[in-house]
Structure formats: C-alpha cells, structure tokens
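J.: Work out the full structure: start from the sequences and follow the hints.
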Amino acid sequence: MAITTLWDVAYFMATALLGLVGRIIPPLAAPLGNVDLIWGLAALVFGAILLAASMINTIMLIWFERKMLGRFMDRRGAMHVGYAGLLQNFADGLKLFRKNTFKPRDADGLGFYAGPTAYLVTSLLMFGVLPVSTGWSDGSLPLSMLLALVIFSFAPLFIFISAWSSNNKYSLIGGMRSAAQMIAYEVPILLAVVAVVVVSGSFDLNTIVNEQRNFWFWTLPLTLAMIVFVTGMLAEMERIPFDLPEAEAELVEGWNTEYGGMLFAYFMLADYVRALAGSILIVLLFLGGWTLPSYVPAALTSFPLAGIFWLMLKTYLVFGVFVWIRAALPRVRTDQLLRIGWMRLIPLSLASVVIAAAFVLVKCVPVLGCVPSMGG
Amino acid sequence: MESNPEDIRAQLTAAGAVGVLAVEPFDGAAARVKFAPESAAALFQVFRDALGFTHLSTVGGIDWVTRYEVFYLLWSDATKRYVILSADLDAKTPHIETASPTWPSANWHEREAWELVGIHFDHHPDLRHLLMPDGYQFHPLQRAFKLHEPEELEVKVRHV
Amino acid sequence: MSEMWINMGPQHPMTHGLWNLRVRIDGEMILDVDPEMGYLHRGIEKISEDRHYNEVITLMDRTCYVAGMAWEHLYIQAAEKALGITAPERAEWIRMMSEEFQRLASHIMWYAAFVQDLGLMSPFLYGMRDRDLILDLFQAYTGGRLTYEYMRVGGVRNDLPEGFPKQAREVLDWLEPRLVEYDRLCMGSDIFRSRCDGLGVLKESDCVRLGVTGPMLRSAGSKRDIRKDRPYSRYSQVEFDVATADAGDVTGRYLVRMEEMRQSIRIIRQTLDWLDHHPGPVIADHLPRWLGAPYAPVGREGYLLKRNYPKGVGLSAIEEPHGEACAYVVNEGGEHPYRVKFRSPVFANLSACSHYLVGYRVADIPPIMGSVDVCVGEVDR
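Chains as they are written, first to last, in my numbering: chain A, 172 to 547; chain B, 388 to 547; chain C, 50 to 430.
Bear in mind the hints are in silico, worked out from the structure with no lab data behind them. Do not rely on the hints blindly, as some may be mistaken.
[To be verified] For lysine-lysine, the following BS3-like pairs were computed, each having C-alpha atoms within a straight-line distance of at most 27 Å:
#: 1; chain 1: B; residue 1: Lys467; chain 2: C; residue 2: Lys95
#: 2; chain 1: C; residue 1: Lys95; chain 2: B; residue 2: Lys479
#: 3; chain 1: B; residue 1: Lys467; chain 2: C; residue 2: Lys277
#: 4; chain 1: C; residue 1: Lys360; chain 2: B; residue 2: Lys533
[To be verified] Derived CB-CB ranges, DEER-like:
#: 5; chain 1: C; residue 1: Glu288; chain 2: A; residue 2: Val492; range: 41 to 49 Å
#: 6; chain 1: C; residue 1: Ser51; chain 2: A; residue 2: Val358; range: 23 to 31 Å
#: 7; chain 1: C; residue 1: Asp239; chain 2: B; residue 2: Pro520; range: 40 to 48 Å
#: 8; chain 1: C; residue 1: Asp75; chain 2: A; residue 2: Thr288; range: 27 to 35 Å
Even for Gly, the Cβ is constructed at its ideal location relative to N, Cα and C.
T.: Here it is, written out as structure tokens:
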C-alpha cells in the first residue's frame with residue numbers, strides 16, 4: 172500500500188500497533204485483526220495526528236507571521252528561543268499557561284469561561300471538515316464545504332457571549348462590532364462560494380479540488396469571486412485592515428480585554444486556527460488544494476505526503492499575503508467597513524456569480540481554450 | 388520685537404479704556420499693563436477688540452505674600468507682539484473676573500491658576516480641579532506651601 | 050445600546066501617556082468629552098522655586114520627555130533675560146540646531162505613534178528606527194538620549210565633539226528619503242485618507258479663540274510661527290518656510306508636520322554650515338557660581354564669587370514642536386527663581402478637545418488625539 176495521504180499514515184500506524192500487540196500476545200492476534208477495529212483505531216490516530224498537526228501548524232503560523240512582519244518592519248522578529256525563534260511561541264504559550272486565570276468580579280462566570288472554550292473548540296472543528304489531501308473524506312461528506320462555512324460562522328456568537336459576559340464596556344463594543352462585521356461579511360463570502368459551486372457543480376470540497384486539476388485556468392473565471400472571498404475572509408479573521416473588534420488604539424483589546432492567562436491564549440490560538448483554516452479554505456476553493464495543474468511533471472506530486480506538502484505550501488503563501496496586507500494597510504472605520512461589506516462586496520459577489528454562470532454556459536475562455544469535461 | 392509702551396498707551400486712550408494703572412516697558416513684549424481688577428471684564432474686551440490681542444497665551448498667578456498678582460499673556464496676530472496684563476489682588480481673598488467670555492482659552496488656564504495659586508475667578512464657567520485631585524484643599528504654588536513638609540492629603544475618588 | 054460614559058485612560062493605548070479622556074457615547078457616536086488631567090503632575094513650577102537656576106534645566110528635560118531640548122531652550126532664554134546674561138554667538142546657534150533636531154525627533158515620534166493608532170505597525174517601527182539616529186546625535190554631544198541637561202544659563206555645557214557635523218549630515222542625508230517614504234505609506238493609502246480627511250476639523254477662527262497653537266493652528270491656514278513672527282535665538286538668520294495647510298483636519302496636521310520636518314532639515318543644514326566656520330566659546334565668561342551648574346566646564350576661569358544678585362523678569366516664547374510655549378521667570382534677587390510659569394502648548398490644545406471630538410465616532414478618537422500630539426508631561430508639568 173502506497174502511503175500518500177494522512178489517512179494512509181494513520182491506517183498504517185493502527186495496523187502496525189495492533190499487529191505488534193497481536194505478536195506479543197498471540198491469543199489476541201485474531202480478534203485484533205478485525206478490520207473494523209483497525210479502522211476505528213486508525214480514525215483515533217488520525218484525529219490525534221490532525222489535532223497535533225493543526226496546533227503545531229497554528230503555532231508555526233504565528234511564528235511565520237512574526238518573522239515576516241519583522242522583515243517588513245526592518246527588524247528580525249523573534250530570535251532568541253530556539254533556532255531563529257522557532258520555539259518562541261511555545262515559550263509564550265507556556266508562560267500564558269502558567270499564569271493565573273482570573274475572572275472580573277462582576278463578570279458572568281458561565282459565559283466568561285465557556286465563550287473562549289467554545290470559540291477554540293469550534294475553530295478546531297474546521298480541521299475535521301477540511302480535506303487536506305486525497306483519500307481523506309471522499310464521498311463521506313457531500314456537503315463538506317457548506318459544513319466548513321457553517322462552522323466558520325459560529326465565531327461571532329461566542330465572541331459576543333464572552334464579550335458580553337466580561338461586563339466591560341470596551342469588550343461589549345468590541346463584541347458588537349465583531350458581530351456586525353461578521354454578519355456583514357458572511358453574505359458576500361457565501362455568494363462568492365456560490366460562484367465556485369456553479370463552476371464545479373458540487374458542494375464537496377474533494378470534488379471542487381479535483382475539478383481544478385482538470386482545467387488549470389480555474390481561477391480565471393473565478394478571479395472576482397476569489398477577491399471577494401479573500402476580502403471577506405480578512406474580515407472574518409479580524410485581521411488588519413478589518414481588525415476593528417480588537418482595535419487596540421480605541422478599544423484596548425476589544426472583546427478580549429478582560430481575558431488573561433490561558434483564556435486569552437484560547438482566543439489568541441483560536442484566531443490563528445481560524446486564520447489557518449481560512450487560508451486552507453482559500454487554497455481549496457480557488458488555488459487547487461493539494462493538486463497541481465495537470466501539466467506539471469508527475470514526480471512533483473507522487474512523493475509521500477505530496478498532497479499535504481503542496482497544500483501547506485500554498486496555505487502559507489496565502490497567509491503570507493495576509494501578513495503583507497497587515498504590514499502595509501491601516502485599519503478602516505466601522506462605518507467604512509460595513510459600507511465596504513454591504514455596498515461593494517455584495518454587488519461584486521453577485522457579479523462573480525453571473526460570470527461563473529456565463530462560464531458554465533460557454534465552458535470556454537478566450538485564448539486558453541475550452542474545458543474538456545465538467546464534473547458534478 | 389521692541390517694547391513699545393507708548394503705542395499701547397495711545398491705543399488704550401483712544402479706545403477709552405478705564406482702570407489702567409500703568410503701562411510699563413517690558414523686554415520681550417510690547418508692554419506690561421497694570422490694571423485695577425475691578426475693571427477687568429471691560430478691559431479684556433478692549434484688548435481683544437480694539438487692540439487686536441485675539442490670542443490669550445496663558446494666565447498665571449504669583450504669590451507675593453502681601454498681595455497676589457495675576458498676569459495674562461496676550462498675543463496679537465496683526466502686530467505680532469505680546470502684551471502682559473497684570474493686576475494686583477489682595478492677599479486675603481484674591482479674586483478677579485474671569486476672562487473666559489472674552490477668550491475661551493482662559494478656561495483651563497484659570498482653573499490651573501485657581502487650584503495652584505489660589506486666585507478665585509468670578510463667574511468662571513467650570514472652576515473645578517484640573518491637575519490636583521478633587522477635594523484637594525491646598526494651593527501648592529502659594530509661598531506658604533512648603534515643599535519639604537509632608538501634608539495631610541485627603542483624596543475623594545470620583546466613581547464614574 | 051444606550052448612552053454611556055467610557056473612560057479612555059489613564060491606562061489606555063490611545064492616551065500615549067497618563068491622562069483620562071472621559072467620553073459619553075451613544076453607540077459609536079461621541080456626545081461629550083471631559084478630559085481629566087493631573088496624573089503626571091510633578092509640580093515642576095513649584096520645585097523650580099527651590100532650585101538654582103541651572104538646576105531647573107534638569108526639570109525641563111522631564112517637562113516634555115520627547116522635546117527636552119526645546120523646553121531647555123525655552124527656559125534658558127527666559128532665565129537669561131531675568132538674570133541679564135547673554136550667551137555667546139556659537140552657543141545660540143548650537144541651541145537652535147538642538148531645538149530643530151528635537152523638533153525632528155519629536156515629529157518622527159509623533160508620526161510613529163499616530164500611524165500606529167491607525168493600525169499601521171510598520172511605519173511605527175520605521176519611525177522609531179530613524180528617531181534613534183537623532184538620539185545618537187544627541188548622545189554624541191550631550192551624553193544623553195532623552196534627558197540632556199545640556200544648555201546652561203549663559204551658553205551650553207560643551208562644544209560639539211569632533212566629527213559631529215559629518216555624522217549629523219549623514220543622518221540628515223538618510224532622513225530625507227525616509228520622509229518621502231513615510232509620505233508614500235500614508236498619503237498613498239486610500240484607507241489612510243478615508244480615515245483622516247475631514248476629521249477633527251477646527252477652523253482658524255476657532256483655533257485662535259480656543260488658544261490652539263502650533264501645527265494644529267497652521268493646519269487651519271494660519272501662518273503664525275513664533276520662529277518667524279518673533280525670531281528668537283538666530284532664527285532670523287536662517288531661511289525656512291512656515292508649513293501650512295487649509296483644511297484644519299487630521300490630514301492637514303499630518304501634512305504640516307511632514308513639511309516642518311523638511312524645513313527643520315533645511316534649518317539644521319544651514320546651522321551646521323555656520324558652525325563649521327565660526328569656532329568660539331560656547332559659554333559666557335564671568336558667570337556667577339551661584340547659578341549652580343553641577344557640570345561646570347572644567348578649566349574655565351573667571352567665576353565671580355561675590356554675590357551680586359540682579360533682579361528682573363524674563364519672558365520667552367518659542368515655537369516648540371507642539372506649538373507656542375512661553376516661560377515667565379521672576380527673579381527677585383536670590384539664588385532661586387521666585388516664580389516660574391510655563392505655558393504649555395499641548396495644555397491649550399487639549400483644553401479645546403471637546404470642540405474637535407464631539408460629533409465624530411469612537412474609532413476617530415485615536416487619529417484625532419494622535420494628530421494633536423499629546424505630551425502629558427507637558428500638560429501636567
């Protein structure tokens with residue numbers, strides 16, 4: 172069996188583990204050889220690997236941002252813990268972990284503690300939905316893209332809960348802004364996704380990615396949709412220039428003003444988990460996911476875990492663009508943000524749906540030629 | 388800018404100003420005008436409207452132990468020069484009419500002069516503590532306030 | 050959401066210092082503001098009454114911690130007038146150069162803090178990087194990077210070290226293209242323009258009425274600049290233009306400060322040229338010892354021991370980086386000033402804040418207050 176995907180790795184590990192136990196204790200060999208058992212264990216191993224990998228990737232993403240921002244700002248970024256500061260974020264996490272978690276006297280306990288926890292958990296749920304390479308969830312989740320977007324849009328609820336229960340005016344204003352902003356940008360995002368669905372003919376992320384290998388100029392008819400989607404994602408992730416809910420100059424830290432220690436770390440981590448998931452989503456929807464265009468030599472895509480490698484490479488590049496934007500742009504104001512959302516992005520996303528529909532009708536792009544066959 | 392008290396004196400006479408006690412030369416300003424505190428309000432108007440001193444730079448007070456002095460530093464954009472107004476106030480209850488209606492910028496300067504020097508500005512729109520805590524009972528820039536003696540300080544914290 | 054008061058400060062990222070802006074808001078709209086000052090009140094005017102004339106200089110560095118040289122210059126001029134002492138020609142030029150360097154450093158610091166309030170982090174670090182070069186220069190000839198204690202009644206503490214003009218010119222050569230870069234990062238950005246245009250508007254007549262001075266006043270179209278209108282030091286002998294703008298909004302203040310930096314570089318270049326060709330003493334002879342110069346120049350002769358106390362009142366006004374600053378020093382004969390009164394430009398600019406804040410949004414407070422360039426040490430003194 173060729174190991175090409177993460178699932179293969181997990182399956183291999185489960186088989187090996189059960190085989191080893193069976194070798195040591197011979198009477199258990201037969202029951203342990205049960206295929207269902209191996210599948211179940213493989214699923215657990217897979218989940219553990221996925222959780223660990225996504226956490227490590229999130230932390231690496233923070234490192235990546237710090238280093239890249241450092242370069243943009245004519246400095247070096249973190250340098251002291253580990254090689255080139257690679258372990259700095261682990262040290263920071265450890266520091267936050269050791270800190271006392273406190274609750275303001277008048278804050279509402281349930282919301283105050285449950286908010287950040289639920290925020291982090293739902294953010295991590297994204298990785299259960301996003302396919303990271305072939306063979307991950309094929310066929311099992313025909314509406315995986317919708318599910319991903321639904322999970323992604325849980326966030327304002329929990330942000331608002333934790334902001335409100337903090338019993339702090341800054342938190343409350345930040346939470347209100349956050350809710351208004353995410354709701355405003357939910358609409359163009361979904362409309363932009365409609366364009367993708369129209370072209371690919373499927374709600375399944377696997378199908379969408381595989382479609383993109385078939386015709387390499389995929390992004391061309393979807394350029395407008397991608398611009399809208401990326402802008403909306405920036406707002407959903409609350410990154411500069413759309414980081415109003417935690418605009419530090421006016422709202423201190425926005426909705427997480429009252430949080431410290433590990434609860435703050437939850438917020439921080441969840442923000443970057445969402446940034447990672449959002450970047451992966453952009454790669455999956457518009458940039459070919461784990462595939463490369465069909466004319467690329469096969470050697471580039473056939474080495475072990477090639478799919479995950481290409482996916483992560485693209486993801487980091489997309490995130491790099493976000494960091495670049497952060498280094499170069501100031502923050503917009505609330506009313507300007509909402510105006511951009513409702514009055515610019517929604518018409519643009521509607522236009523992108525029209526363009527996608529026209530493309531499906533003609534199935535051809537000038538100069539580049541026509542699509543051989545459409546899926547879905 | 389040369390000191391030019393004659394010019395100021397002539398302009399004041401032309402404007403019919405009352406209460407001017409003396410117009411002295413002063414290095415760095417057109418003149419130092421001593422005036423009687425009772426005629427403050429009218430004199431401020433004269434200086435702003437007739438003499439063109441539209442900008443009130445600062446208001447300060449000096450504790451001379453036997454009396455208080457309050458001085459106003461004015462600037463004229465038209466003639467590009469300063470003038471100092473100064474009035475002697477009695478030591479017991481130093482008070483003078485506020486300059487806020489004439490120059491709104493006097494608001495904070497007078498608040499500061501009131502709380503630090505202890506000169507009361509009559510009809511001031513908002514004579515609250517500015518630099519010192521609310522309820523502070525001393526006037527630090529008075530000569531009687533010794534720098535090296537610890538003082539009893541009662542601070543009322545305002546909750547918002 | 051109903052109306053509510055929120056406290057911005059004393060520990061709030063917007064304040065850039067210790068003060069409290071109480072804001073009454075309805076949703077995002079500002080209905081009323083009430084600044085509360087005094088968190089940094091150190092009683093500098095009171096302490097000065099207990100100090101020798103030269104010892105007050107130490108306090109001047111702390112008055113405004115980003116414009117120490119300018120405040121030293123302000124006080125020194127008033128003290129010299131009150132005492133009837135004049136400084137040598139070269140000292141005056143060095144003071145003028147110091148003030149202009151300080152203006153550059155202060156404006157760069159303002160730029161860094163201002164853009165960071167808008168969410169732009171990179172220019173903040175560019176600004177801090179470039180300000181450091183000016184602090185290096187200060188260190189080269191005063192030994193201090195923030196608190197210099199350099200000027201003295203009757204001159205300056207020491208002459209410029211060898212190689213200083215070259216180093217200074219290198220810094221200026223580096224800064225000039227950087228200013229263009231700053232400008233591109235801000236004025237080239239649509240978001241920046243949409244955040245700043247038409248914000249915090251204060252018309253010229255209102256500025257004059259409310260005592261607002263400095264770049265805020267000039268951004269509204271006025272040409273009042275003490276350096277031009279009432280030249281002190283040797284400003285009458287250098288060429289420079291007064292930077293103005295028309296709108297009186299945040300963008301206008303930004304443009305004025307940017308232009309002022311260019312003019313400062315121009316002034317410094319002329320000053321350096323003059324200093325190259327005019328060596329001489331930098332502190333007056335026959336200074337009375339009771340002035341209390343803790344770092345009196347070594348080997349200097351001619352201190353008078355007899356206590357001849359002159360009397361006098363000194364008034365000086367300078368164009369500090371934030372606006373018009375005045376000092377009023379009363380010398381009643383004696384080793385200490387009888388009364389020292391300072392006019393802080395930020396004090397007056399801030400007192401008008403309800404006029405340029407009310408009616409805008411909460412998100413506009415950081416850029417507007419940033420454009421005022423609040424230095425709390427100066428307000429509270």
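J.: May I ask which of the numbered hints given earlier this structure violates, with the numbers listed in increasing order?
T.: 1
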